[in-house]
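Chain order of the listed sequences is A and B. Going by the numbering used here, the first residue of the first sequence is number 1, and it counts up by one from there. Going by the numbering used here, the first residue of the second sequence is number 1, and it counts up by one from there.
There's no promise every hint is true.
[Said to hold, decoys possible] With the Cβ distance kept under 10 Å, some of the chain A side facing chain B (calculated, not the full set):
1) K3
2) T14
3) V49
[Claimed, not checked] From chain A, some residues computed to sit far from chain B (all C-beta separations above 10 Å):
4) G13
5) L66
6) K72
7) E79
8) E101
Quick caveat, the hints were computed from the structure, so don't treat them as lab data. C-beta atoms are modelled at their ideal positions from N, C-alpha and C, and glycine is treated no differently.
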Amino acid sequence: MRKTTLVAIALIGTLVTGLYYLKQEVQGVERRLAAVRLDIARDRQAIHVLRAEWTYLNRPSRLARLSGRHLKLQRVAPEQIRTFDELPEHFAPTDATKRIERSAKAGVSR
Amino acid sequence: MTIRLSASCRPERPPRRLGVRLPRLEWFAAQRLEYGRNRLVVSAFLFAIAFAGLGVRLVDVTLFNDGIRQRLASAAGTEAQHQRAEIVDRNGVILATTLPTYSLYADATAVPNRQAAADRLARLIPGLGTVEIHKQLRTSRRFVWLRRHLTPRQYQAVNALGIPGIYVRADERRVYPHGRLAAHIVGFTDVDSRGLAGIERQFDGLLGKQRRAVRLTIDIRLQHILREEMKAAIDRYRAKKGSALLLDATSGEVMGMVSLPDFDPNHPTKAPTGTRFNMNTLGVYEMGSTFKVLNTAMALDAGIARLSDRFDARAPIRIASHKIRDYHPRGRWLSVDEIFVYSSNIGSAKMALAAGGKRQRAFLERLGLLTPSSIELPEVGLPLKPRIWRPINTMTISFGHGVAVTPVQFGAAIAATVNGGELHAPTLIKRADGRRPEAKQVLSEEISMRLRYLMRSNVLRGTGRRAAVPGYMVGGKTGSADKSTGDRKGLLSSFVGAFPMHRPRYVLLVLLDEPKGNKETSFKATGGLVAAPTFARIVQRAAPLLGVHPVDESAHDRRWAPFKPGSGVQRVASFRTDGKGR
């Protein structure tokens with residue numbers, strides 16, 4: 001009778017301590033989880049705002065202004081766009097190259 | 001066994017139990033014990049139920065129920081709060097989004113020194129006066145807005161003041177990063193993010209409910225090209241207004257549309273009057289000679305004429321008090337293709353008369369020009385048409401006077417004339433890939449082919465020469481509608497066309513309201529002189545973006561007959577979009 005009581009008390013003690021630490025741990029993890037979730041939400045919001053800013057900075061008018069200032073690029077003329085088939089296989093002037101040259105000249109003088 | 005509940009109803013004699021008659025005293029004692037035992041049993045039973053309940057709940061919470069954790073987590077505010085959905089262009093570029101801001105409000109009853117508070121706040125927030133704030137605070141209401149959407153700096157400053165009763169709360173605000181570029185399409189909202197115009201209004205409910213962005217058919221880069229070129233044209237020709245509309249002829253998708261002057265949707269209340277007006281969908285205009293595309297289509301469709309048939313265009317027509325004249329009179333009989341290329345009003349009127357008003361009306365109806373367009377915007381104009389369709393109306397409508405339509409529905413009708421005869425309702429909403437909106441066959445492929453030939457001829461040899469862009473096979477028709485009323489004179493100059501004409505993919509409509517000529521145009525401001533060059537500039541910039549490949553035009557044009565009055569019929573037949581004639 002005594003023995004069983006002692007065993008029971010010891011058991012209860014261990015369980016209570018175990019449970020206490022477990023609970024403590026769970027609470028800690030849960031706090032961290034909440035913090036991480038909050039971070040995620042904040043980052044999401046920040047990404048959202050940054051995307052809007054990125055779009056704002058990529059306004060076509062702004063890009064045109066910047067490219068005009070920093071790049072020496074001109075508008076593509078239709079004559080500059082060719083298909084692979086139109087490219088000459090050899091450098092000897094073929095009918096295709098002559099045609100391209102002719103149309104390029106026409107484009108320049110236009 | 002009976003339980004006596006009160007002493008007052010005690011029986012005269014103790015009852016017999018187990019066959020033994022108990023003495024009176026013992027009987028009372030036994031009765032008391034019985035009460036006690038019963039009470040114990042009942043309360044033990046109740047406790048047992050309660051503990052069993054707790055046990056079940058314990059198992060439930062620890063083993064089966066993880067819902068509670070989610071509830072705890074969401075109570076901690078980690079779930080993103082719901083915001084109004086974004087609006088994006090066809091490539092996913094943001095056109096409208098919602099950003100978090102802070103708004104200033106007051107509990108007027110809690111502010112100790114109202115005048116001092118008003119003074120200090122007014123110094124921090126420009127545009128908000130002391131008097132104004134003080135008036136708000138004097139209302140003694142528990143909640144008054146002082147200023148919506150503070151800047152982050154103002155938010156910091158107000159917080160630092162720490163005046164009791166003056167508070168800041170999280171708010172959100174609709175922002176349009178591209179500003180004016182798509183203002184008429186996207187529209188705008190009020191301070192509480194309720195849609196007031198454009199897509200914002202049309203899809204207000206949907207934007208408020210769903211998380212997924214609403215995807216439009218427009219391309220912001222094309223919007224930029226259209227706007228820049230139209231602005232340049234308006235400045236160059238000192239026009240009052242202008243609009244441009246680019247349609248995908250094969251699907252009815254609006255690739256871009258601008259209407260100038262425009263406004264900044266970020267500050268809609270500051271928009272000058274008239275700038276919120278979307279010419280493309282809300283404005284109705286008598287289109288002028290560009291209507292001859294439809295008139296010719298109608299004549300061919302009705303079967304009353306072939307391209308080679310001639311009409312008497314020797315003398316102006318006098319009807320009632322009107323006189324129908326040609327701007328470039330030829331003084332002879334003209335074939336149907338000549339009437340188109342030389343833009344003869346007299347010839348067009350005669351053609352329309354030959355077909356009759358009934359047919360004309362039915363034809364315009366079929367092309368959706370007499371009913372409002374179904375485009376997904378709240379700002380849609382109602383076409384104007386004669387109440388009674390007299391012969392005079394039939395004649396003037398043939399060259400674009402007497403019926404006023406919106407550019408967007410006109411563009412869709414023109415698309416049908418060049419794309420093989422399919423009428424697509426113009427749309428702004430990008431469908432899921434592979435899903436094509438329904439189209440209606442309104443013309444035969446044969447007739448569409450002939451119209452392509454005519455429109456190409458007009459650019460090669462007619463009034464539309466300035467719209468040509470080498471390599472892109474432009475075809476189209478000029479228009480200069482006379483909008484003179486009383487002593488005010490003015491033109492609505494336009495060009496409508498498609499490219500590349502051997503397989504039309506895009507339709508572009510350019511409108512300039514009351515342009516003035518300059519030295520370059522010999523001080524004239526007709527569609528061929530002001531709208532056609534603008535059209536060409538837009539095509540030159542937009543075509544590479546649209547993936548239209550430049551071609552050797554002469555090789556393609558050889559398939560068309562060189563334009564010879566009245567001879568197009570046979571030669572043009574080799575030119576088809578369905579590839580059958582190749």
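A quick look at each hint next to the structure:
Interface hint status for A/K3: violated, as the beta-carbon distance to the closest one in chain B is roughly 27 Å, over 10 Å. The beta carbon of A/T14 comes no nearer than 18 Å to any beta carbon in chain B, farther than 10 Å, and the hint placing it at the interface is violated. The closest approach between the C-beta of A/V49 and any C-beta of chain B is roughly 6 Å, which is under the 10 Å cut-off, so the hint is satisfied. The claim that A/G13 is not at the interface with chain B holds, since no C-beta of that chain comes within 10 Å of its own (minimum 20 Å).
Taking the minimum C-beta to C-beta distance to chain B, about 14 Å, the non-interface status of A/L66 holds against the 10 Å cut. The Cβ of A/K72 lies farther than 10 Å from every Cβ of chain B, with a closest approach of about 18 Å, so its non-interface assignment holds. Look at A/E79: its CB is around 7 Å from the nearest CB on chain B, not clear of 10 Å, so calling it non-interface is violated. Against the 10 Å criterion, A/E101 stays outside the reach of chain B, whose nearest CB is about 14 Å from its own CB.
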